[in-house]
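*Asks:* Construct all of the structure, not just a fragment, from the sequences and the given hints.
Residue numbers (our numbering), protein chains in the order written: chain C, 1 to 488; chain P, 1 to 119; chain H, 1 to 496.
All clues stand as given, with none of them false.
Simulated pairs of lysine-lysine, DSSO-like, Cα-Cα distance not exceeding 30 angstroms:
1) H:K166 with P:K104
2) H:K166 with P:K34
3) H:K166 with H:K104
4) P:K104 with H:K104
5) C:K155 with C:K446
6) P:K29 with H:K166
The calculated label-pair distances, taken between Cβ atoms and stated as ranges, are:
7) C:A159 with H:Q26: 57 to 65 angstroms
8) H:A33 with P:L83: 35 to 43 angstroms
9) H:Q6 with P:A16: 39 to 47 angstroms
To give a feel for the contact side, a few chain C residues facing chain H, derived at Cβ under 7 angstroms:
10) S65
11) F138
12) L139
13) G156
14) L172
15) S173
16) I176
17) G177
18) I184
Think of the hints as simulated: they come from the structure by calculation, not from any bench.
In this text the structure is predicted, and so the values were computed from the model without any measurement.
We put the CB at the ideal spot given by N, CA and C, even for glycine.
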Amino acid sequence: MSPETAILVAISLPLAGALAIALSGRIHPNLREGVTLATAAALIWVVWGLLPTLMAGGRPAVEVSQIMPGLTIAFRVEPLGMLFAALASGLWLINSIYSIGYMRGNAEKNQTRFYVCFALSLAATMGVAFSGNLLTLFLFYELLTLSTYPLVAHKGDEATVRSARVYLGILLSTSIGLFLPAIIWTYMVAGTGDFVLGGILSGKLAGPEVGLLLGLFVYGIGKAAVMPAHRWLPAAMVAPTPVSALLHAVAVVKTGVFAITKIIVYIFGVDFLFATPSSGWLLYVAAFTIIVASLVALRQTNIKRLLAYSTIAQLSYVVMAAAILKPLAEVGAAIHMVAHAFGKITLFFAAGAIYVASKKTEIYQLRGIGRRMPWTMAAFTIGALSMIGVPPTAGFVSKWYILAGAFEAENLVAVFTIIASTVLNAAYFLPILYMAWFEREEPGGKEHGEAPFAAVLALCITALLTLGFFLFNGPVIELESQVVRGLT
Amino acid sequence: MKLLELLGYYNYWVFAIVLMVGLYAVISKANLIKKLIGLSIFQSAVFLLYITMDKVEGGTAPIIQAGVEDQIFSNPLPQVLILTAIVVGVSTLALGLAIVVRIKESYGTIEEYEILDAD
Amino acid sequence: MNLTDQLPALQVVVPMLSAPLIVLLQPRGLAWAGATAAGLVSFAIAVALASAVLGGETLTYSMGGWPAPYGIALEVDAFSALLLLIVTGAGAAALLAARPSVDKQIELGLQPLFYAAWLLGLTGLVGIVVSADAFNIFVFMEISSLASYILIAGGPDRRALPAVFKYLIMGTIGATFYLIGVGLIYMMTGTLNLADMEARIGDVVALNPILVAAGFITIGLALKAAVFPLHVWLPNAYTHSPHMVTVFLAACATKVALYVLIRFDTSVFQAKLDTHEMQFALFAMPLAILGILVASAVAMFEGHLKRLLATSSVAQIGYILLGASFVSHAGLTAGVMHMFNHALAKGGLFLAVACIGYHYRDLRLSQLGGVAARMPWTCGALLLCGLSLIGIPGTAGFISKWLLITAALESGPWGWTLVAVILVSSLMAVVYIWRIVEALYFQAPVESDTPVSEAPLQLLLVTWGVALLNVVFGLFPAIPLALANASASLLTGGAP
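*Replies:* Structure below.
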């Protein structure tokens, strides 16, 4: 398969999978789950098959249709997108294993719709990752919003639908109200929206307009959850946990920060932005989001909501890293997407496993749970340590790079923010770990053991990945350094 | 002189007045039949406008006669047009009346307010 | 003389002569088959015309061999070709799907008359589009209007009767205004041929009657086109008419009136009347903006599925008018393009409504809980067309939104305000479309006596066909875009 074909296959494979899942769902659940796993595995094979080409410096591209002169639907694989696609497709397989355990363990309704929409959202994610210009990015960005809406509203009761409405409302209104004008502005000014290394706006826009356009992009991409456009993420926590795990820790939110990073690197150009003072506000907004979201997380009592606010803070790490506008920090931004994905998906998996096994959702209920669910809590611990950034976890690696970039830029705000947020992360995760492992369980609780095997297997794998990334991150850093080498 | 000039356009004045009478009836009357009558008056005004414009001073019917030269004719085209318009008007009126009959059958009234109350 | 030269006349003649023949076809099903055949032939003719026009020709046909400006001329250029595609496409698609729905809503014995009226409506609409003669346009306009009054009132819902009466009154006033305007122009120029009119207006010394005529014509056509605030007849007429009639009329009827409006205001008056451009822009733009905002807001709070979509049509007409009111190449391209794209989106939506209406009598949103579970395919198509109406990228609606925003930005310092209006109204569209989605997908099912399944296959296939066209023309809009571009060039009198 040529790399160009592989791009198209990567996007259409989950679509075909969705259709097959819908049809097989009428025959038997086992067949349906089989199709899901087979599609996920095939997607990994296709997407990861692109890696050697990328490592060798290839940039496969393909144009699907020309809507108007200069306005095309086109795909182009570059290191950032490659990393994102590889990450999302890899975690989809693990997440599907977990979903099977979770959905069956909970006896959820409408499971076919769930798996179909999941496959659709993966197709949209692949489209985002491989998009070759702003219009294509926007197209798949919206498709991702729409295909995840049924997943968020899965439960279907009044409160859930209301939360799903918040989810859809914020994401659609920011994208149509701000992202779209930003895109149109870019096309009007630059005559194109193609992602080109070094940017397309240099010399065509100057002064405060640059900062304004950047603002339209950052807030238009509501999926990045930069405050105050973050409200949708806690609202989305009403979804079943596998959705929160893959979509609201990896695919959807990473689409947001990925898009912002990509726009900074390929539309504005790092050097251009660095030379334009009016864009400096982004760093402060991201720093503000990190601190405030961490403070809010400190006050949460519900496990999933705590994880949601932690995600908001971690997303802004990526945005801040990108906004430091130094090569090491850009690498840090890319790596942090991976590191956070491994850690946060583990945490969500653990939270879901606890819910399936014991129906517990609040933090105070976790006293002594480590003895009943040792595997789950061990994984949770690894995930939490990665969020704090303790070696030997993935979180340490990315923080190292971001800090290095901050020092290179002599950016004290960034340095201070990273230190402060590390303290805050520790302040909200360590008490949970202490409670789970060292306190005694409340008497009269329900007897329970570990969650279904599929769920435990999945969370152990992701915990191992979190640890493994600390040791084996060479290829990822090498790949992302390609972007940087092009920069300097 | 000015006044006389204005009066000289009396056809157009009549056109405007009849037009407004019709429009007023359409808007103000609640009875559907009266509304249709208003509509007919409204359309008739336009016929007058067209007939007025085709008249040429001293002109006759546009029939070419052998041996008669230098004949002045009235413009036949507006008359033809307005014949068509009259046909259109009659069909509209007929259809309107048919609808009123059906309204009467299903609502039992042809007063606008009573119909609004019925639903 | 080859066949292509005859096509403009055949376009009108085929449905016109088929209509009386249909009345004779009494046995069940034959009337439908005959009407559908006529509709499909009309569509084929429109496609042939469009391909000829895309090749760069303008087809002219002189009735009875009398040359224009003395005889009556039919003329097909890019603008009319696009409109012909919309009208005959909507007519043919709706007819193709119509049978199951019509069988349920129209008495068997009356069906031949119903289909005959349908074909007359089609005749009138295509007649307006191909005519190059102002009075001929009036006659065809009344033919189409009379036919649509009959069609709307033909259903089982008695509330259609007062609605259609209101439509008849307002429609007739609009047509009469138009007639007055045409009379005044004839008085000053002595011609009824549009192209001739455009040329001769330049020679007129006393311009006041022409300006008055422009006013009468614009207002009269705005009434027919349901331009805000002259739209009051539209929501009820579309809500209570038989479902298939709504599909047909919502997709093309008002657009044809807008077509004439744009023809007159941008080409006939524009070229020679100095002040007219500003007059038209100042008249149309505020109405368009108000229409977009107010109608979208009303739709957001509307509780009846059909009336919600009908109200949204008023807002969409605003988009078309907004594009035209820029009187620029980009603006007209956007407006004309939106005619095409809106016909696709709204036609698809009303087809899906017809599918739902096949099983559900009460189409209030509160009564539609659980429909998605029973009719998944129908609701899927409805969702797709809804996204196109919102203007999500990848669908046809996005193309016209993009063009419209680009045109607004080009239009001058106020461009950003207009962009804001377009974006805000898009968000409002999200709200009202999403109210439908939530009702269909997430509302608790209403208990019904009979188990409901999918709509008949015939209806469903056409619905999905139109829904998919929304995506196809969202990704590959080359053909309509070429026609829209050429229309804009014609209307602005400039090179493409």
